[in-house]
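Participant: Sequence:
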Amino acid sequence: MNQLPKIIKTNSSVNQTMTVQVMDEYGDMMEKEIACEHPLTVYLNWVEIVTLMTLGERPSALVLGYLKNQGFIEDIDAIESLIIDWETNSAAVITRENTDGLEKKLDKKTVTSGCGQGTMFGNVMKKLEGVQLPQPRIRQSKLYGLLEALTHHNETYKAAGAVHGCAVCKDTAILSFVEDVGRHNAVDTLAGEMWLEGEQGADKIFYTTGRLTSEMVIKVAQMGIPVLLSRSGATQMGYELAQKLGITMIARAKGHRFQVYNGVENLVLDIKGETASESLEDANKPAHKGDTDQLQTSHQQQGEK
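In UniProt numbering, the protein residues as written are 1 to 305.
If you are wondering where the hints come from, they were derived from the structure by calculation, not from laboratory data. Every residue, glycine too, gets a C-beta built ideally from N, C-alpha and C. There could be a bad hint or two in this list.
[Said to hold, decoys possible] Simulated crosslink set (BS3-like; lysine-lysine; CA at most 30 Å straight-line):
1. Lys6 x Lys158
2. Lys170 x Lys244
3. Lys6 x Lys127
4. Lys158 x Lys170
5. Lys170 x Lys32
[What the hints assert, rightly or not] Ranges of calculated distance between the beta carbons of each label pair, as one might list FRET restraints:
6. Arg252 x Val131: 18 to 28 Å
7. Lys254 x Lys9: 14 to 24 Å
8. Glu25 x Ala202: 47 to 57 Å
9. Ala202 x Glu31: 12 to 22 Å
10. Met29 x Met125: 26 to 36 Å
11. Ala202 x Ala162: 12 to 22 Å
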């Protein structure tokens, strides 16, 4: 059983949006919501690691996910305490053992395409060598059902814009959804939640509103999630890493459109030729025993035509 860290927050929360006065193209004044950015400086055993610009929705999970994904801490049991202090905009993490070689790791970093803030420390890819992710089948109807469910989230984006959203999903259910000013923050927050709760990623789908970059693919692989879904496009390195790591990559996914960049063999086209409304009805139908075999056979037959 994991020995979870003691988490202390000096302030319960910070504002994620604020109201401002703006003028439109007709000269009319109106109130609009804008997203807030709060600096949060992370310290690991009194060594400053990074300052994250965040909405501040789930700071504890963000900090833990960041440290895990960057390879600073491998085991949740190693963390003794985490203190979030919004009065000083700081997060202090204390471990039960020394973090030797911390300064050396900080010297070895790669700035990624994560909206200007993305950085990968150390040889993260080396730790992913030999990773074998499962190859789950994905029904097209279930994918449409999930995309429909996702439209009911993005509350901060709908109110203020200027944020990215990420979600951990299973079938058509959204298990956890988070928004932040950068997609890297959102994915780190979800990684931190899964780490704290001991959740496994083998049967999950990861959704993001952002681009499918190398950083995004790496972090999803670290979470053990085999399917990556986005309404945006993919980059060359993100695509190549998805191939190398065996991640099913689905981009440009919105409404009833999508493009499978990697893992084409894992998608079961079970509603080809039906209308969009019928596809949503089918997505909500419970799966019956033998469905998977029948759908796979249908998929193979379509490929032979």
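Participant: Evaluate each hint against the coordinates.
Facilitator: Status of the hints after comparison with the structure:
{"no.": "1", "hint": "Lys6 x Lys158", "result": "34 Å, violated"}
{"no.": "2", "hint": "Lys170 x Lys244", "result": "23 Å, holds"}
{"no.": "3", "hint": "Lys6 x Lys127", "result": "28 Å, holds"}
{"no.": "4", "hint": "Lys158 x Lys170", "result": "24 Å, holds"}
{"no.": "5", "hint": "Lys170 x Lys32", "result": "35 Å, violated"}
{"no.": "6", "hint": "Arg252 x Val131: 18 to 28 Å", "result": "26 Å, holds"}
{"no.": "7", "hint": "Lys254 x Lys9: 14 to 24 Å", "result": "36 Å, violated"}
{"no.": "8", "hint": "Glu25 x Ala202: 47 to 57 Å", "result": "51 Å, holds"}
{"no.": "9", "hint": "Ala202 x Glu31: 12 to 22 Å", "result": "46 Å, violated"}
{"no.": "10", "hint": "Met29 x Met125: 26 to 36 Å", "result": "51 Å, violated"}
{"no.": "11", "hint": "Ala202 x Ala162: 12 to 22 Å", "result": "34 Å, violated"}
Of the numbered hints listed earlier, those contradicted by the structure are 1, 5, 7, 9, 10 and 11.
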